[in-house]
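**Student:** Sequence:
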Amino acid sequence: MTSGWDAGAVSHRVLRGIRRELDRHPAVVTAEGFPATLHSEVVAELSASTLDATVTATEPTLTVRWFAGERPAAPPEFSFHYSDRHGDFGWHYAPNPHVDGRGHYQELLDGGSYTYTSHEFDSTEPTRVVWIALSLVEDRLATRPDQRHG
Numbered sequence: 001m002t003s004g005w006d007a008g009a010v011s012h013r014v015l016r017g018i019r020r021e022l023d024r025h026p027a028v029v030t031a032e033g034f035p036a037t038l039h040s041e042v043v044a045e046l047s048a049s050t051l052d053a054t055v056t057a058t059e060p061t062l063t064v065r066w067f068a069g070e071r072p073a074a075p076p077e078f079s080f081h082y083s084d085r086h087g088d089f090g091w092h093y094a095p096n097p098h099v100d101g102r103g104h105y106q107e108l109l110d111g112g113s114y115t116y117t118s119h120e121f122d123s124t125e126p127t128r129v130v131w132i133a134l135s136l137v138e139d140r141l142a143t144r145p146d147q148r149h150g
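Per our numbering, the very first residue in the sequence shown carries number 1; after that it's consecutive.
Just so you know, the hints here were simulated from the structure itself, not pulled from any lab data. Since the structure is predicted, the reported quantities are computational estimates derived from the model, not experimental observations. Hints are not guaranteed to be accurate.
Distance ranges between label pairs, derived from CB positions [to be verified]:
no.	residue 1	residue 2	range
1	A9	S123	18 to 28 Å
2	G111	G4	46 to 56 Å
3	W131	D88	19 to 29 Å
4	L109	G4	43 to 53 Å
5	A74	E32	24 to 34 Å
C-beta: ideal position from N, C-alpha, C; glycine also.
Please build the complete structure, drawing on both the sequences and the hints.
**Tutor:** Set out below in structure tokens:
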């Protein structure tokens with residue numbers, strides 16, 4: 001711990017802010033931080049019909065993790081990961097041996113393994129990333145074949 005820097009406390013504050021921002025989004029039904037005393041993640045229950053009127057997802061959730069880093073100047077590590085009964089996918093900003101750089105998209109394939117693609121984030125500012133991530137979720141759901149009616 002750097003003098004005066006408490007990465008756990010900073011991460012908790014960021015996640016509380018992310019929870020508040022999620023509560024503002026029309027697709028979010030509820031958002032809760034876990035554990036309640038010192039958040040390590042926020043789980044949001046999503047409204048499938050608000051995300052995309054043609055989505056048939058059941059029990060859609062978005063799990064957000066954010067770690068501020070061991071030093072004030074360290075880049076954050078975070079993930080915004082969507083899941084429902086049809087599978088899961090998400091955007092992550094952390095080192096990963098499957099991609100160059102920190103930003104990437106990953107999706108669970110039918111065989112149980114993940115596929116990875118590099119992704120550039122326009123921002124690493126927490127409240128902006130909330131809205132970026134939810135927009136990306138909406139876009140992905142709109143093109144996911146198993147999610148469409150008909």
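**Student:** None of the hints should be skipped; say for each whether it holds.
**Tutor:** Each hint, compared with the structure:
1. At roughly 23 Å, the beta carbons of A9 and S123 sit within the given window of 18 to 28 Å.
2. One distance hint, 46 to 56 Å for the beta-carbon pair G111 and G4, holds here, with the actual separation near 47 Å.
3. Range check, W131 to D88: about 20 Å between beta-carbon atoms, so the 19 to 29 Å window is met.
4. Restraint check, L109 to G4: a C-beta distance of roughly 44 Å satisfies the suggested window 43 to 53 Å.
5. In this structure the hint that A74 and E32 lie 24 to 34 Å apart at CB holds, the actual value being about 27 Å.
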